[in-house]
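Chain Y is fixed; fit chain W onto it per the hints.
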Amino acid sequence: MLEQQLVNGLTLGLIYALIAVGYTMVYGVIELINFAHGEIYMLGAFFCMTFITMFGLPLFPAILLSMVCCLALGILIDIVAYRPLRKAPRLAALITAIGMSIFLQNLAMVIWGSRPTPFPRSAVPAIFSETAFQFSNVNISWMQVFIYVVAISLMIGLYLIISKTRIGTAMRALAQNQVSASLMGINVNRVISFTFALGSSMGAVAGVLVAMFYNSMYPTMGYTAGVKAFAAAVLGGIGSVPGAMFGGIVLGIAETLGAGYISSPYRDGVAYAVMILVILFRPSGILGKAVVDKA
Amino acid sequence: MSVRNSKFVKLAVLACAMVTFSVVGLGSAHAEDVIKIAVPSPFTGAEAGYGDNIKAGVAMKVEEVNKAGGVNGKQIEAVYLDEQCDPKEAATVSTKIANDKDLAVIVGHLCSSAHLAALPTYVRIGVPAISPTATNVSISDKNKDKKGRVWSFRNVYRDDFQGGFLAEYIAKVLGLKKVAVFYENNDYGIGLKTAFVNKAKEIGLDVVGEEAYMKGAQDFTPQLTKLKSMDPQALFIAGYYAEGALIADQAKKMGLNVPKFGAEGLDNVDYIKLAGDAAEDTYMTTPFLAETASDKGKAFIEAFKARYDRDVDYMSANAYDAAGIVIEAISEVGPDRAKIREYLAAMDSPEKAYDGVTGVTYFDAKGDSQKPAFVKMVKGGAFVPAEKQMK
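If you read the sequences in order, they're chains Y and W. Counting with my numbering, you get residues 1 to 295 for the letters of the first sequence. Counting with my numbering, you get residues 1001 to 1391 for the letters of the second sequence.
Because the hints were derived from the structure by calculation, they are not lab data. Honestly, I wouldn't trust all of these hints.
From the derived model, a few chain W residues whose C-beta atoms are all more than 12 Å from chain Y [said to hold, decoys possible]:
id : residue
1  : VAL1071
2  : VAL1137
3  : LYS1228
4  : GLU1328
DEER-style ranges, computed between Cβ atoms [stated by the list, open to error]:
id : chain 1 : residue 1 : chain 2 : residue 2 : range
5  : W       : ASP1231   : Y       : ARG86     : 56 to 64 Å
6  : Y       : ILE262    : W       : ALA1345   : 41 to 49 Å
7  : W       : THR1194   : Y       : PRO84     : 47 to 55 Å
8  : Y       : GLY113    : W       : VAL1384   : 23 to 31 Å
9  : Y       : PRO61     : W       : ALA1382   : 50 to 58 Å
10 : Y       : VAL149    : W       : ASN1066   : 55 to 63 Å
Residues of chain W placed beyond 12 Å of chain Y at every Cβ, according to the derived structure [said to hold, decoys possible]:
id : residue
11 : GLY1051
12 : ALA1059
13 : MET1060
14 : ALA1091
15 : SER1138
16 : GLY1148
17 : LEU1174
18 : THR1194
19 : VAL1197
20 : ASP1219
21 : ASP1270
22 : ALA1306
23 : GLY1334
24 : ALA1346
25 : GLY1380
The beta carbon of each residue, even a glycine, is placed where N, CA and C say it ideally should be.
For reference, chain Y alone in the conformation it holds in the complex (with noise of 0.2 Å):
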């Protein structure tokens, strides 16, 4: 059973980091929690569900086409809600990020409807729902491979574009401070653009394979999500790419082992209490590094 329960911690915590490194990314180079962050993990399920039944588009380039109109949503958010209260003080960013959440919610549900919505199953490969590897009793399916190797392979991805790219060594800069990077010839605001879309991007992909995975999406489906992958983030050290990467990691097998050990209504509160346990014992996050606050 233990084996069991590592390997669906692990499915659900591959999740959870994939959305985790939009919020930690974001905040390392604007210091802005977005918690619209949650609702562009929705709509990326839906808007890939919506090319599948309406332009009949196969699975693969569907993902694709709602990776990039999550992008362009995450560019637009940023400049619609928070470019311009980019010298404001911080509260007020966090204020149009939380109205923004409620407002793409209730789009959502506008545009979709309230019932809960499977996901198209004609367009999944069949062979997703069947067993990969089965050892003694521990079973995975080919739809928890294509989980793991498609978040495996978009975080190696990012850590690529961050530390080998440009634009990645402008994000890092900028990250260090604003100010001194823009007196470097950094364009700012595109580099910040670019951060929102790549963590936005990352957002749609978890939510095309929660909605694949579990056969069920609903508007306020990002909610939940994105506070534990807030709740990750903070864990592995918010600002850190990697640590948002293993805190979901961490989440997802502590919340599983919690569902599975303890007792099962408390689960989120066995995700949380982690949580509080590593910020009371390491405040910087498992991976954070004790930043000096900025003068």
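Frame of chain Y, contents of chain W only:
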């Protein structure tokens, strides 16, 4: 800085004023020529899909009545109030309803938790309510005022009835011995589970495990993994269809292929849509079965399908009848809260019952209706009546 601030303050004041006026405006417009019914249910938030079912049923009834000329020359208007199935919101909404004298009677609430939270206000101020769906047992004891008058009625049976009914059905009709229980951690799920487990103990049905989940959860694999290791022959799901479908689906994926059982909370076509193949072999109790419906019921099923392009669910059918009952009361005694209550309380025998699409409805001294339960099941991707019904 200060200029910007004062502008902002003005704007905020203006916005608040506009909102206030629009709410007041809604409350007082055409008070003379319409009669209003309050329909508090979840219309936004995670449970909005269920509220949608209630709205579909009530709206259909109200439209029919209005098309036929209304009640005593007045049109009926349903006022939908959103409480998100949240007890806190329901308490707020209940005060709003009670203080708005134009709202004659209530069809709602949908969720037991919300209904329980709103009940004290209705009882204290005196607003009659019919809930089409709240099945929790404790409602029966909390709906009387100091003079012993019942203010809250329901045209749905109670959890203790259907929980016990299901335990007997599993053990006696289907002859299964070991069952695992999965329940939603709220008034509905716990009430249903408790009734089921008590009955199971009484008749020697072995409950091998009990696991809870929170509303809106998507991942049930940890609990299912644990239940699977107990090797149950059946899975009892005390909850609603959105989560129930995911439980069935994930159970199947992990190789737990056993019949599923549930109460009326599972009864919706979306259950089959969401769970797909995994929905097969799910049995559920329901107060409304299309196949055993009267001609009136069958006509309703057709009309519902034509209007909304989906199969009717029991929530919509019960909401349709609940609206029918209160509209009948209004047409007899006028939009007076106390008189409506008296009228509903007097519907206490089969002779004085309301004859609706879900059969006859009358209330006992606690405001509960005595409705039979039918068992239906999923077979070949559709709901069919279970082969064996229990008498």
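Now for the hints, and whether the structure bears them out:
No Cβ of chain Y comes within 12 Å of the Cβ of VAL1071/W; the nearest lies about 30 Å off, and the non-interface call holds. The Cβ of VAL1137/W sits about 20 Å from the closest Cβ of chain Y, beyond the 12 Å cut-off, so the non-interface label holds. The beta carbon of LYS1228/W sits about 9 Å from the closest Cβ of chain Y, which is not more than 12 Å, so the claim that it is off the interface is violated. At roughly 30 Å from the closest C-beta of chain Y, the C-beta of GLU1328/W stays outside 12 Å, upholding its exclusion from the interface.
The hinted window of 56 to 64 Å between ASP1231/W and ARG86/Y holds, with their beta carbons roughly 59 Å apart. Distance hint for ILE262/Y and ALA1345/W: a CB-CB separation of about 48 Å, consistent with the stated range 41 to 49 Å. A beta carbon spacing of about 54 Å between THR1194/W and PRO84/Y agrees with the range 47 to 55 Å that was offered as a hint. Remark: the range hint 23 to 31 Å for GLY113/Y to VAL1384/W is upheld by a beta-carbon distance near 27 Å.
For the hinted restraint 50 to 58 Å between PRO61/Y and ALA1382/W, the CB-CB distance of approximately 33 Å leaves it violated. A hinted range of 55 to 63 Å for the beta carbons of VAL149/Y and ASN1066/W is consistent with their spacing of about 57 Å. Here GLY1051/W does not stay apart from chain Y, with its beta-carbon only about 7 Å from theirs, under the 12 Å limit. For ALA1059/W, the shortest C-beta to C-beta distance to chain Y comes to about 15 Å, beyond the 12 Å cut-off, and the non-interface label holds.
With 12 Å as the threshold on Cβ separation, the claim that MET1060/W sits away from chain Y holds: the shortest Cβ distance comes to roughly 17 Å. Remark: the non-interface label on ALA1091/W is consistent with the geometry, its nearest Cβ contact in chain Y lying 21 Å away (cut-off 12 Å). Every CB of chain Y lies more than 12 Å from the CB of SER1138/W, the least distance being 20 Å, so the non-interface label holds. Here GLY1148/W stays apart from chain Y, with its beta-carbon at least about 37 Å from theirs, past the 12 Å limit.
Interface exclusion of LEU1174/W from chain Y stands, the closest Cβ pair being 26 Å apart, more than 12 Å. The non-interface label for THR1194/W is consistent with chain Y: the shortest C-beta to C-beta separation is roughly 15 Å, beyond 12 Å. With a minimum CB-CB distance of about 16 Å to chain Y, VAL1197/W clears the 12 Å threshold, and the non-interface call stands. Look at ASP1219/W: its CB is around 6 Å from the nearest CB on chain Y, not clear of 12 Å, so calling it non-interface is violated.
Its closest Cβ contact with chain Y, about 6 Å, brings ASP1270/W to no more than 12 Å, contrary to its assignment away from the interface. Taking the minimum C-beta to C-beta distance to chain Y, about 19 Å, the non-interface status of ALA1306/W holds against the 12 Å cut. For GLY1334/W, the shortest C-beta to C-beta distance to chain Y comes to about 35 Å, beyond the 12 Å cut-off, and the non-interface label holds. Under the 12 Å C-beta cut-off, the non-interface status given to ALA1346/W relative to chain Y holds; the minimum distance is some 37 Å.
In this structure GLY1380/W is separated from chain Y by more than 12 Å, as the shortest Cβ-Cβ distance comes to about 16 Å.
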